[in-house]
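**Q** Residue-level listing of the chains:
There are 2 protein chains.
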Amino acid sequence: MFNKSIGYNQDTIVAVATPSGSGAISVIRLSGPNSLSICIKFFVPANKKLTRNNIESHKLYFGNFVSDNTIIDEVLVSYFKNPSSYTSEDVIEISCHGSEFIQQKILEILLDDGARIAEPGEFTLRAFINGRMDLSQAEAVADLIASQSASAHSMAMKQMRGGISEKINYLRSKLIDFASLIELELDFSEEDVEFANREQFFNLINELKLELTSLISSFSLGNVMKQGIPVAIIGKPNVGKSTLLNALLNEEKAIVSHIPGTTRDAIEDTFIIEGYKFRFIDTAGLRDSDDIVENIGIERTYEKIKQATIVLYVCDIANINNGSVKEVLEEFKQYIQDETKHFIFVGNKIDQLGRLPSHIKEIFELDTVFVSAKRKENIQLLTDALVKTVKKFNITNDVIVSNSRHYQALVNALSSIVQVEDGFNNDVPTDLIAIDIRHALHELGTITGQITTDDLLGNIFGKFCIGK
Amino acid sequence: MFNKSIGYNQDTIVAVATPSGSGAISVIRLSGPNSLSICIKFFVPANKKLTRNNIESHKLYFGNFVSDNTIIDEVLVSYFKNPSSYTSEDVIEISCHGSEFIQQKILEILLDDGARIAEPGEFTLRAFINGRMDLSQAEAVADLIASQSASAHSMAMKQMRGGISEKINYLRSKLIDFASLIELELDFSEEDVEFANREQFFNLINELKLELTSLISSFSLGNVMKQGIPVAIIGKPNVGKSTLLNALLNEEKAIVSHIPGTTRDAIEDTFIIEGYKFRFIDTAGLRDSDDIVENIGIERTYEKIKQATIVLYVCDIANINNGSVKEVLEEFKQYIQDETKHFIFVGNKIDQLGRLPSHIKEIFELDTVFVSAKRKENIQLLTDALVKTVKKFNITNDVIVSNSRHYQALVNALSSIVQVEDGFNNDVPTDLIAIDIRHALHELGTITGQITTDDLLGNIFGKFCIGK
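Chains A and B, in that order, give the protein sequences.
Just so you know, we're using our numbering here: the first sequence kicks off at 196 and counts up by one.
Just so you know, we're using our numbering here: the second sequence kicks off at 196 and counts up by one.
Bear in mind the hints are in silico, worked out from the structure with no lab data behind them.
Every value quoted in this text rests on a predicted model; they were computed, and no experiment measured them.
Treat the hints with caution; some may be incorrect.
[Said to hold, decoys possible] Straight line, CA to CA, 27 Å or less: simulated DSS-like cross-link-like pairs of lysine-lysine:
1. A/Lys254 <-> B/Lys586
2. B/Lys276 <-> A/Lys658
3. A/Lys587 <-> A/Lys404
4. B/Lys300 <-> A/Lys276
[To be verified] Among the chain B residues that face chain A by a calculated CB cut under 8 Å, a handful are:
5. Ile235
6. Val239
7. Pro240
8. Ile297
9. Ser342
10. Gln645
[Said to hold, decoys possible] Not the full set, but computed from the structure, chain A residues with beta-carbon under 7 Å of chain B:
11. Thr213
12. Ser217
13. Val222
14. Lys254
15. Gly258
16. Val261
17. Ser262
18. Asn264
19. His292
20. Ile340
21. Ser342
22. Gly358
23. Ala513
24. Ile515
25. Gly640
Virtual Cβ for every residue (Gly too), placed ideally from N, Cα, C.
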């Protein structure tokens, strides 16, 4: 258990909370017992009657920030009296002109007067330690700041508002109730009493397994929503994959030539469509080649297909006849067997055709889009198809796990629960089963932070930005 | 005169006021009559009793920013009721998480609801138009944000707090009083009356000339303080000029070799020492050369010497004898005749000497520093000498002009005043003299903004950052 009593809350931390660089306004934030007393030494309010005794929480005070009789800046000071603040401690926010010189100067002065520069994420760490939010909510704050798409934002917001915590706490409380019965049974083990109702227990085990499995399976979606949904663009050489990438990204990202085998490295870039972040991956064309570099590229293409959630299979429909249609279909089917992936067949080069030959229409019934990547025709149809595909994903889950730490803890918890079940089925002694229950409890506890270590906290908050 | 009545104050502007990018906090600022009504539509306060009718100025309100039933973020809203705000209009500041996605989303929502994206500097322009500050103060806001050194910061702060305005207004009011007497004289010109006391008038002319000259001459200092005090490093080839630059900057900026003539382009970089920003310029060594590129470099060196405020003349004292001392002295003197420049003689390569030969000590009495650029020995002595030199500059002036627009206006005003004086001395008709007085008044008026044009305002505020 993280030691909440030592070190924290004793000192006052300070950092610039706004993005680095210069701008109209910057905000410097103090948190800790001396926030007010440090700030008030340098703040000369326009309202002369203001003192540290009559300053009110949640009010804004205009005045000068003065040190050594030099006005550093005209500032707005706001005071958040504990516990009504982000950290639950006394918080002061100094809103100054966004000059880097002024920001540094004010920081220096506050540091000289006994404040300590905040570690990355330390304000949020304090909020967590002071019970203002649990660990998964604190992690969501970082996700929220990093979110670039509506879907990532929405997941982070749900998590910050306690979506996952609620679920985990529910599962954990059920497990705790039962664990205490089991432990009681252990205390009276010599008397061979069964306090815990076995049937109720198996029902709970099943419920837990179901819930955990559902949360675990939501991670593949949650993770790709956060990182960008990987879309591999594959196909034979020279069918226009790189041109299609450029058309999707609306920029000349990949080098395009008429020479088959132009693309060797997998070229990636992200693009947000209707709030979903897609990570498009252009790959080397799939063919037998003698070129060593190209072959490495082709190998990587297979790797990328494995990682992709959506695969765009691109085909040159201007150079396809009844014979080759069969061949293309065979190749397409070879991939489509993978049920975890979503395939879209992209018939490219429609600009070279008068109208679609009937045999092509017939063959590919579903998830087929005909485009001209070169002329950027029908690209909208393709992006529509991509968004439709994402929406088909199982997002009925109200809680989506997007944090790999949570995912790992859930997988571990499930494995312990399965062992508990096996234990009961195989008449394993109750004291051994109790150990597995405690494991499961421990794993669930790490998600919301009932159970933490310094290492874990360092790991989580070290990734935050300064000032949060 | 700028039309203050049309267009401005009618609409509500919005912009992100904090530096761009992501961070812990960002602030989005609204100004204009609808600030409150626009914001309140999307703000769901934690305190349910809050409405637009009981919201108080200079208070902070926590709650959710909600659009289409989606929580965009948890925000702090502060309200500054007109005229107690930066712009003198109703101002709202929304403090949200510093995610670029959230910033954009909130901006979009506010724009959709009738706010208009602010032009660069438009908040400050409104502050000016609403009489919250004059033009030179508004310009100081931009200087303050851009200030990188203590000296530039201090000049901008003085100007923002009305240092220049006070002086200009004083001169202008004196001139106005007198102009009105002159104009009165014109009204009665047929009666040949002299209302204006000629002696008093000449005293005023002299005072104005003195004050204007003093302000004008402060510009060369003010400007270099703002842009960085140019320090040219000159000397014969291979005396260690580039090594000295690197030692001063504490980085490997210039390419150093033992080959004379290595440096061709003038290499510049700024460095702040004790609050002063210096712009060091390494130059090509001065010698007769057949190398065309090197000769262009040498020509540029002479240019740089002209532009410099301080010149470091570097000499290799390890390779100097009684004969060449004279030669060095001659060359040094050749430059030192320029009285507008400050020279420091730098004897380099002391690491190659046991002790300083007495003839060297004797020759250069003042402003001489002996260093080893290579071993970074005595560099502190040199930076001390630089700071001492800057402090010797005439900074007894409490008002320093650092803005080239103000400088130009002052030069124009002085020229008009000189013409007024000449006019009186040469019995030019009073109506012609009155024109020159009006010119002088006009020029002084442009500094503080009593007289402006749209072009002028566009020019000034167009250089501001967005959100200020």
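**Q** Which of the numbered hints are not met once you compare them with the structure shown?
**A** 1, 2, 4, 5, 6, 7, 10, 15, 16, 17, 18, 22, 23, 24 and 25
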